[in-house]
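Build out the structure end to end from the sequences listed, making use of the hints.
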Amino acid sequence: DAKTTQPTSMDCAEGRAANLPCNHSTISGNEYVYWYRQIHSQGPQYIIHGLKNNETNEMASLIITEDRKSSTLILPHATLRDTAVYYCIVRVAEYGNKLVFGAGTILRVKS
Amino acid sequence: DAGVIQSPRHEVTEMGQEVTLRCKPISGHNSLFWYRQTMMRGLELLIYFNNNVPIDDSGMPEDRFSAKMPNASFSTLKIQPSEPRDSAVYFCASSLETGGSDTQYFGPGTRLTVL
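Protein chains in written order, with our numbering: chain A, 82 to 192; chain B, 13 to 127.
None of these hints come from the bench; they were simulated from the model. Heads up, a few of these hints could be off.
List of simulated lysine-lysine pairs, BS3-like, C-alpha gap at most 30 Å [to be verified]:
| no. | chain 1 | residue 1 | chain 2 | residue 2 |
| --- | --- | --- | --- | --- |
| 1 | A | 179 | A | 84 |
| 2 | B | 36 | A | 179 |
| 3 | A | 150 | A | 133 |
| 4 | B | 80 | A | 179 |
| 5 | B | 36 | A | 150 |
| 6 | B | 80 | B | 90 |
| 7 | B | 80 | B | 36 |
| 8 | A | 150 | A | 179 |
| 9 | A | 133 | A | 84 |
Now the stretches of chain B that chain A is said to cover, found in silico as 3 or more residues with beta-carbon under 8 Å [as the list claims (entries may be wrong)]:
| no. | segment |
| --- | --- |
| 10 | 34-42 |
| 11 | 113-127 |
Label pairs and their computed distance ranges (CB to CB) [unchecked claim]:
| no. | chain 1 | residue 1 | chain 2 | residue 2 | range |
| --- | --- | --- | --- | --- | --- |
| 12 | B | 95 | A | 148 | 42 to 48 Å |
| 13 | B | 65 | A | 86 | 50 to 56 Å |
| 14 | A | 120 | B | 127 | 44 to 50 Å |
| 15 | B | 127 | A | 157 | 43 to 49 Å |
| 16 | A | 148 | B | 67 | 47 to 53 Å |
| 17 | A | 157 | B | 28 | 34 to 40 Å |
| 18 | A | 157 | B | 21 | 29 to 35 Å |
| 19 | A | 94 | B | 127 | 42 to 48 Å |
| 20 | B | 17 | A | 153 | 29 to 35 Å |
| 21 | B | 127 | A | 121 | 22 to 28 Å |
| 22 | B | 40 | A | 86 | 17 to 23 Å |
| 23 | B | 22 | A | 94 | 18 to 24 Å |
| 24 | B | 30 | A | 138 | 28 to 34 Å |
| 25 | B | 86 | A | 173 | 26 to 32 Å |
These figures come from a predicted structure and were not determined experimentally. Don't be surprised by glycine CBs; every beta carbon is placed ideally from N, CA and C.
Below, the structure is given as C-alpha cells:
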C-alpha cells in the first residue's frame with residue numbers, strides 16, 4: 082500500500098471550514114483515497130472516499146489533485162464535535178485489503 | 013439501522029485468564045475484520061473473514077489469540093491465556109465486499125485491561 086503523509090495537528094475555528102491535507106505521492110492508479118476519523122474513545126468512522134474525481138457527501142468534500150499525489154478533506158462548517166483524529170488512507174479496492182492506519186491529523190475545533 | 017455491535021465494552025481481567033470478545037456485524041455484510049489499537053502501535057489488523065472463512069490471520073500476534081466466525085452474524089476473538097501486554101482497545105469492523113470500493117464500518121470497541 083502507498084503511504085500517506087499528514088500534518089500532526091491542526092486547529093480550526095468553530096463555524097469555519099477545516100481543510101485537512103494529505104500527501105500520497107506514490108499512489109497507484111487503482112488505489113482509492115479513504116478518509117476516516119476517530120473521536121476520542123470511539124471506533125473509527127468512515128467519512129468519504131474517492132479515486133480521482135472530487136467527491137461530496139453529507140459530511141465532507143474530498144478534493145483530489147489531478148496527478149492524484151495529494152488530496153484535501155474539507156469539513157465545510159466545523160463544529161466542536163468534529164474534534165478528532167483524521168486518517169487519510171490509500172487502499173486498493175480488492176477483497177480483504179486491509180485499512181492501514183497511520184498516525185493521522187489531530188484536528189482541534191475551537192470556539 | 014444497527015451498526016456493528018461489540019461486547020463487552022469494557023473488560024478487566026487478571027493475567028492468565030481467558031478473555032472472549034464478541035462482535036455482531038452489520039446485517040448483510042460478508043466481511044469481518046478484527047483490529048487492535050494501542051498507543052505504541054496504533055490501529056492494526058489482526059484477522060479478516062470473508063463469508064465466515066478466515067482469509068488473512070497474519071496479524072494475529074501469537075497462538076494465544078484465536079478468532080472464529082461460526083455464522084454470518086457472530087464472531088469471537090479469544091485470548092488464552094491473557095497477558096498485560098494484550099491490554100488495548102479491540103475493534104470489529106464489517107463491510108459488504110464486492111471487489112470494488114467497499115467501506116468498512118467499525119464498532120465501538122472493547123477496552124481490555126489485563127492486570
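Cβ distance range 28 to 34 Å for residue 30/B and residue 138/A, holds or violated: Taking Cβ atoms as reference, residue 30/B and residue 138/A lie about 42 Å apart, which means the hint is violated.
Given coverage of the segment 113-127 of chain B by chain A, checked by CB-CB distance under 8 Å (3 or more): Our answer is that it holds, as 9 residues pass the Cβ test (under 8 Å) against chain A, meeting three.
Range hint 44 to 50 Å (beta carbons of residue 120/A and residue 127/B) holds or violated: Taking Cβ atoms as reference, residue 120/A and residue 127/B lie about 28 Å apart, which means the hint is violated.
Outcome for the supplied range 43 to 49 Å, where the beta carbon pair is residue 127/B and residue 157/A: Since residue 127/B and residue 157/A have Cβ atoms about 46 Å apart, the given range 43 to 49 Å holds.
Pairwise beta carbon distance, residue 17/B to residue 153/A, judged against the given window 29 to 35 Å: holds (34 Å)
Pairwise hint evaluation, residue 150/A against residue 36/B, where the allowed Cα distance is 30 Å at most: violated (37 Å)
Pairwise hint evaluation, residue 36/B against residue 80/B, where the allowed Cα distance is 30 Å at most: holds (12 Å)
Residue 150/A paired with residue 133/A [C-alpha distance capped at 30 Å]: holds (10 Å)
Residue 157/A paired with residue 21/B, Cβ distance criterion 29 to 35 Å: holds (33 Å)
Range hint compliance [Cβ, residue 86/B to residue 173/A, 26 to 32 Å]: holds (29 Å)
Distance restraint between residue 80/B and residue 90/B, which requires alpha-carbon spacing of 30 Å or less: holds (8 Å)
Residue 95/B versus residue 148/A beta-carbon gap, inside 42 to 48 Å or not: Roughly 47 Å apart at Cβ, these two residues keep to the hinted range, so it holds.
When held up to the earlier numbered hints, the structure conflicts with 5, 10, 13, 14, 16, 17, 22, 23, 24 and fits the remainder.
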